[in-house]
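In terms of our numbering, the sequence shown opens at residue 1 and continues consecutively.
One or more of the hints may lead you astray.
As the list claims (entries may be wrong) - List of simulated lysine to aspartate or glutamate pairs, DMTMM-like, C-alpha gap at most 25 Å:
1) K41 / E61
2) K142 / E176
3) K120 / D179
4) K53 / E43
5) K120 / E150
6) K120 / E176
7) K142 / E108
8) K142 / E79
9) K120 / D73
10) K53 / E162
11) K53 / E79
12) K98 / D144
13) K142 / D179
14) K53 / D65
15) K120 / D91
16) K142 / D73
17) K98 / E162
18) K142 / D201
19) K142 / D91
20) K41 / D91
21) K53 / E187
22) K142 / D191
Said to hold, decoys possible - Label pairs and their calculated CB-CB ranges:
23) H204 / G102: 35 to 41 Å
24) T38 / T231: 37 to 43 Å
25) V241 / W164: 18 to 24 Å
26) R87 / R183: 31 to 37 Å
27) R84 / A223: 29 to 35 Å
28) R218 / F90: 36 to 42 Å
29) E43 / E242: 42 to 48 Å
30) D179 / Q124: 19 to 25 Å
31) H204 / A147: 45 to 51 Å
By construction, these hints were calculated from the structure, which means they are not laboratory data.
Glycine included, each C-beta is placed from N, C-alpha and C at the ideal position.
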Amino acid sequence: MPPSCVMEWGPSTRKASPWRPLTRASISFGCMAVNIVTMAKVELASFLLEMPKAELHVHLEGTLDAAVLAEMDERVTAEEVERRYQRGSFDQFIESFKWAVGHLRTPEHYALAARRYFAKLAVQNVRYVEMTLAAGVVVWRKQDFAAVYEAVARECERAPVEAWLVLDAVRQFGVEHVDEVARLAVERAGDRVVAFGIGGDERHAPAELFEETFRFVREHGLALVPHAGETMGASSVRACVELGA
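Construct the complete structure from the given sequences, taking the supplied hints into account.
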């Protein structure tokens with residue numbers, strides 16, 4: 001429809017036609033309705049951008065976009081990131097995750113990722129964030145966890161938003177691994193850590209395996225935020241709830 005919204009339409013219709021011809025009045029009313037809807041969408045978008053918000057589930061490793069990855073490794077291109085991040089299953093997602101995490105080689109890389117993400121949150125008027133740090137991956141890769149944690153914690157303190165951390169273990173690495181990460185979280189409960197979680201493949205390590213770990217975490221005042229229902233359905237969610245999540 002032309003911008004003027006005043007098209008000429010013939011006054012008559014085919015014999016027995018079930019519809020009435022559009023008139024200037026009906027077209028003008030339709031345009032007005034479209035304009036109102038458009039204005040409403042613009043106002044809604046502005047409202048959503050400006051309203052105070054909280055982000056309660058985001059992984060530091062999941063914030064690695066092409067720009068940040070290129071800062072870490074100048075060989076990374078946007079096209080490669082787009083290709084690497086294509087996924088249609090949980091297993092493909094894990095491969096994307098592993099590729100991205102492979103670029104977090106130093107504490108400074110972790111700090112950079114956190115800093116860039118916090119800046120994005122501030123633009124969106126996010127006031128509070130609980131960001132998951134894959135502590136289990138740091139430990140498994142034999143990186144210096146204390147150094148990585150301190151680097152990210154410093155960024156939390158400097159952030160333009162109120163920022164806290166969730167330490168996350170990898171369930172399929174076994175009970176001892178999950179216990180180790182739980183201890184790391186509890187040791188930092190008075191610092192920047194507010195919760196403990198587990199992620200990974202439920203098919204190989206259901207929540208029931210970690211009942212004692214979950215109890216230990218709760219007894220030390222941390223929230224329990226395990227991933228559930230990603231590969232095992234509602235029964236896995238129920239198990240986590242019954243175990244205190």
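Exercise for the section: Check each numbered hint from earlier against the structure, then list the numbers of those it violates in ascending order. Expected result: Going through the list in order, the structure violates hints 1, 3, 6, 8, 11, 15, 17, 20, 21, 23, 28, 30, 31 and respects the others.
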